[in-house]
Each structure stands twice: as structure tokens, then as C-alpha cells.
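First to last, the sequence lines map onto chains A and B.
Be aware that the first sequence starts at 1, since it is given in the numbering used here, and climbs by one per residue.
Be aware that the second sequence starts at 316, since it is given in the numbering used here, and climbs by one per residue.
Careful: at least some of the hints might be erroneous.
What the hints assert, rightly or not - Below, a list of computed lysine-lysine pairs in the DSBU-like style, where the Cα atoms sit at most 35 Å apart: (1) K470/B with K150/A; (2) K150/A with K264/A; (3) K400/B with K150/A.
Since the hints were made in silico from the structure, they are not lab data.
Protein chains: 2
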Amino acid sequence: MTVLAIDLGGTRIKMGVIENGAVIRQRQSDARSGERLADRAPEIEASLKDLLNSANRSVSNCAGVGVSSTGLVDRERNRVLSTNKKYEDAPDFDFNQWADRAFGLGCKVENDAHAALLGEWRYGAGRGANNLVMLTLGTGIGSSVVLNGKALRGKNGQAGLLGGHIVVDPWGDRCTCPGVGCAEAQASTWALPGRIARHPKFHLSRLKEYSNPDFKTLFQLANEGDEAAVEIADYCVRVWGAVAVSMIHLFAPEKIILGGGVMKGAAAVLPPIQKMVKEHAWISWEGVDITIADHLESASLLGMAALFESDVEFI
Amino acid sequence: MTVLAIDLGGTRIKMGVIENGAVIRQRQSDARSGERLADRAPEIEASLKDLLNSANRSVSNCAGVGVSSTGLVDRERNRVLSTNKKYEDAPDFDFNQWADRAFGLGCKVENDAHAALLGEWRYGAGRGANNLVMLTLGTGIGSSVVLNGKALRGKNGQAGLLGGHIVVDPWGDRCTCPGVGCAEAQASTWALPGRIARHPKFHLSRLKEYSNPDFKTLFQLANEGDEAAVEIADYCVRVWGAVAVSMIHLFAPEKIILGGGVMKGAAAVLPPIQKMVKEHAWISWEGVDITIADHLESASLLGMAALFESDVEFI
Numbered sequence: 001m002t003v004l005a006i007d008l009g010g011t012r013i014k015m016g017v018i019e020n021g022a023v024i025r026q027r028q029s030d031a032r033s034g035e036r037l038a039d040r041a042p043e044i045e046a047s048l049k050d051l052l053n054s055a056n057r058s059v060s061n062c063a064g065v066g067v068s069s070t071g072l073v074d075r076e077r078n079r080v081l082s083t084n085k086k087y088e089d090a091p092d093f094d095f096n097q098w099a100d101r102a103f104g105l106g107c108k109v110e111n112d113a114h115a116a117l118l119g120e121w122r123y124g125a126g127r128g129a130n131n132l133v134m135l136t137l138g139t140g141i142g143s144s145v146v147l148n149g150k151a152l153r154g155k156n157g158q159a160g161l162l163g164g165h166i167v168v169d170p171w172g173d174r175c176t177c178p179g180v181g182c183a184e185a186q187a188s189t190w191a192l193p194g195r196i197a198r199h200p201k202f203h204l205s206r207l208k209e210y211s212n213p214d215f216k217t218l219f220q221l222a223n224e225g226d227e228a229a230v231e232i233a234d235y236c237v238r239v240w241g242a243v244a245v246s247m248i249h250l251f252a253p254e255k256i257i258l259g260g261g262v263m264k265g266a267a268a269v270l271p272p273i274q275k276m277v278k279e280h281a282w283i284s285w286e287g288v289d290i291t292i293a294d295h296l297e298s299a300s301l302l303g304m305a306a307l308f309e310s311d312v313e314f315i
Numbered sequence: 316m317t318v319l320a321i322d323l324g325g326t327r328i329k330m331g332v333i334e335n336g337a338v339i340r341q342r343q344s345d346a347r348s349g350e351r352l353a354d355r356a357p358e359i360e361a362s363l364k365d366l367l368n369s370a371n372r373s374v375s376n377c378a379g380v381g382v383s384s385t386g387l388v389d390r391e392r393n394r395v396l397s398t399n400k401k402y403e404d405a406p407d408f409d410f411n412q413w414a415d416r417a418f419g420l421g422c423k424v425e426n427d428a429h430a431a432l433l434g435e436w437r438y439g440a441g442r443g444a445n446n447l448v449m450l451t452l453g454t455g456i457g458s459s460v461v462l463n464g465k466a467l468r469g470k471n472g473q474a475g476l477l478g479g480h481i482v483v484d485p486w487g488d489r490c491t492c493p494g495v496g497c498a499e500a501q502a503s504t505w506a507l508p509g510r511i512a513r514h515p516k517f518h519l520s521r522l523k524e525y526s527n528p529d530f531k532t533l534f535q536l537a538n539e540g541d542e543a544a545v546e547i548a549d550y551c552v553r554v555w556g557a558v559a560v561s562m563i564h565l566f567a568p569e570k571i572i573l574g575g576g577v578m579k580g581a582a583a584v585l586p587p588i589q590k591m592v593k594e595h596a597w598i599s600w601e602g603v604d605i606t607i608a609d610h611l612e613s614a615s616l617l618g619m620a621a622l623f624e625s626d627v628e629f630i
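Build out the structure end to end from the sequences listed, making use of the hints.
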């Protein structure tokens, strides 16, 4: 089965041709998520047609178009409900109509964190797990849950989704959601430059040489012993560990998969989170395996293909 | 239908005779949870027989014995798995055998927070809700969830249960669970004396007149303008509000029921939590109703009776 997949992320738009659980072509472009999605649609359409051609496939080979999006998504109606300041026109964008007009295909829309978990669960690090949590650490922080072998959705598809908006500091920073002190507001790529700029050792740190520092830069400087970088990295890792512990306490997973762009620096993230979970999680079973995603660059795209399979069950 | 119900709480043991969703007799005694459950069992048996007699019922009227317990519970095997420093012998206690020997009845064992939600969902403030969260604020903090009209349990009955162990301060106080900075470690009845004793204004506060201050005392002194009491009450309410917001983000409830002993001071707790949820929760539906439990003294007992009804579904 072949699926055209699109991931509307906060930093990049990814597009791919997925066949039988593998990416056979993939391309990406800058998100420019401050622009209107309607204005980006022609470029997305052209890119996907290019990718199809280069793979010697045509739309007649395809089961449909899968769109994974940042924000809250109504999976039953294939609409984006709320994007939290990205692609502001997405709630008005008719994905069904667009997919039909551009490709003559049906469409499925899902939240990107839910899609990433589906990709890893069906084709990656989560294969075979009956109780699974995925945390996607990137521009924002997303989460998704498998409970007793079923993909958790609940009301409005929101159950298990907003692990990045667990409040880790009730007196913390204002989030882009209405909340205060959400994990995402304290320790995500969008929140990082603010945290760095306010750090008391900022002016002694090489971090001040970067206009928009990301976690790759942070982990590198921390590795070199830059004090502010070490302290901020420790802070963020501890926040993510706290989210992992909270998710274990609420969803009792056998495994947690860590994905998203931040995990390209897995060496700085994975061991301390594994240690924290081992020390802090209250569990009544053998343990929780904390592991890195198999598909850091394509989990959401793969997940949108998984949605076209008939045997994924939801609760 | 008549059920003998027992609630093994951290502060008190409650016993009751429940008939058709109402408490017809109830009694309680000090938990003395540092003692062995095996040593308390004869007193519990005698009390329940007394209550039955006084209600002119006999064991032949009863569908069974329901035991709600603090800690993690294996509902399928009717065993307590881990009690978090209370009733240390509970994991070795054979409830089935005890109920059979004492009353000639079958037995069901469930976690107390799950039981409290069942009681409110079937016979109280949660009637008719399809997506519901209950937070039980007491000696510890418990939670339980209804998702799409089914009582959430997941692996080992733990899903939705440990909302009190959401980490609200990754650098916070050590919990009685292996965690650090759990909501329960920051703001529960057992944690309150420690928080008070460490408050910088403790020695200026009337709180120092109390050997084991509880939230009733705290709210009363806060009402009278005692500065330390005001600050500690604000702190705890904000922690509970943060837990409510996090639970909304993860379970998308239409309603949150607040129960447990702390809610006897609802005037100090309910309005600020309602305000915080209104301002901080990221939701894609009409709103979340934050309400007080109907059965502050008996929700868990009622819930154990609900478990003997055939139409409660679990996921």
C-alpha cells in the first residue's frame, strides 16, 4: 500500500511517499508556519507529485493522503481545530477538498504526536507493545499513548496527547497554550532561547554568540563545559524526566519512546532520563523501557500511512 | 442489592452497609495504618456484623464484601500490591479467604481513588458523565478517570490512578513513593506539617500552636489573615489547580469532581481551582465543570457497591 504523507510541523513541513511501512521518498521545506497554509498548499502539492514521479508511482497506486498536523485535530472530520499560533488558517482549511482536487484521493488528518506514535508502534521502536507512551521533544512537546493494545484518543482525540502541557512548575513561564509552567513552556525548542537569555550566567556563556540557539548547540556547549549550557541542559532533561515519570504514573506503559528533533542529541538526553525513571517512577511491574525512536525524521509520515491500514483500534 | 463495604484509608477505616446506591449504616475508626491489617481484621468483622444487625439485615441479604484500599490493587486477583507505607502486611492479606470465613461472602478489592470515582459516577456528582476525572484530596492525593463512558484501568489498574504523583516540581520534596516533587509530596495532608514547619514565617504564625496541623486548621488560620497560613494555602491550591489542568490536558474530561477530606474546606479550594482551570486549561470543547463530590464521607464505600453491579465497563 502506498500513501502520500505530509507532516505540518512547527519548524519544517515534511512530505513523503510511504509504501508498506517504509519511506521510499522524502523531502522537507521550512515550515514558515507564520504564513497561511492555503498559500503553502500549491508547493506541497507540487513536491508530492515530484516525489511520486521520481519513485515511478502515480496517484492511482495511492490509498490516500495523510496529513499530520501540529495542534488539536478532529480526526473524524479531517479538520484542524486549533494550532496554537502556527498556520493560523489551518482550522479553515478543507483538507478533504484539497486532496480530492490535487490528487483525486481521500484524506486523513491526525495530530502529529498521535501520528508519530502510530509510526513507531507499527513500524518502529514500539512494535508489539501493548502499553506504550511516546514523547515527541521538538519545537513543542507532544505525547501519545497506546493502552491495552489500542491507540488512546478519548474525547476530541485529546486523551494522552498533551503530555507536553503537564504543569511542571505552577509558577513557571507562560505557555503558547493558555497554561502556565507547562513542560513545553519550560523546556522545548521554542522556549529555549528565552530560558537561555534569562539565565544568570548568560553573559559569561558562549550561548550569547547564537541568535536562535537550539538543543544541538546547547548540548554541544554543555559538553565543552560551558556553565550556563550545562545548567540549562540539566534543567531541561530533568523536566523531560519529570514528564516521563508523570506519564508512567498515569498510563502504566511498558515502554516510553522518545522522539522529535531534540533526540538527535540522544546521548545527552536518554541516559539521564532512564536513570530518573528508574529512581523516581512508582510502578508495580517489572520496569519501563526508555528508548529512542527508530524514525526520528519520519515517524509522523509513517504513522499517517498506518492510519490507512484497517487494523488499528482506537479507544 | 446490599453490599458490605470497607475503605482502608490512610487516616481512617470506614465501614458501611450499602443498599441500592445509598449508605444505610456507616461507622469509622482510626486507621492506625502503621499496624498490621491482620490485627485489625477482627474489629472490622465485628463492626460490619454490628452494622448489619442494626440495619436488620443479615449476610444472606448481601451480594458480597467490597474493600477499597489505599495503594496499588490487583482488581482481578483481589490483592493489594503495594501500599506506600500503610498497612504493610496488606499485600500478604488474603481478602477472599477473610470475606469467606467471616461472612461466607465473595469479595472485591479496588483502589480507593478508583472506588471513589465509581461511587460519584454511579450515585453522585458524576452521574451521566462520559468523560470524568475525580481527584481525591486527603491524606494522599488519588485520581481516577472515566473515558468514553468506561472506567479507565489499563495495565495493572494503574491508568488514570496516580494523578497525585504527577510531578509538579522536579526539584521538590521526596514523596513516599519513589518520586520527587509529586503533587502529593508538595500538597497533601501527610505532607502539610513538613511544609508548615519549613515555612519562613512559621515562627510568626499561629500554626506553631498545632502539633499536627491539617487543612481545616490551615484554611481557618488563612481566613483569619495568618500570613504563613495564607501563603501555604495559596501554594497548595495552586498545586491542586495544576494537577487539575494537567489531568484535563491528558484526559479531556467534561467534569472534574473534587473529593476527599480536604474538600470539607471547599470554600477555600473550589473557587480558585475553577478560576485556574478557566484561565489555564487548553481545551477544544465548551468547558470543564469543576465540582465538589456529593459523598465526601462515603464515595469509596458507594463505589465498592457499584462494583457489584454488572453494567460497569472497564478499559
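What hint numbers does the structure not satisfy?
Every hint satisfied by this model.
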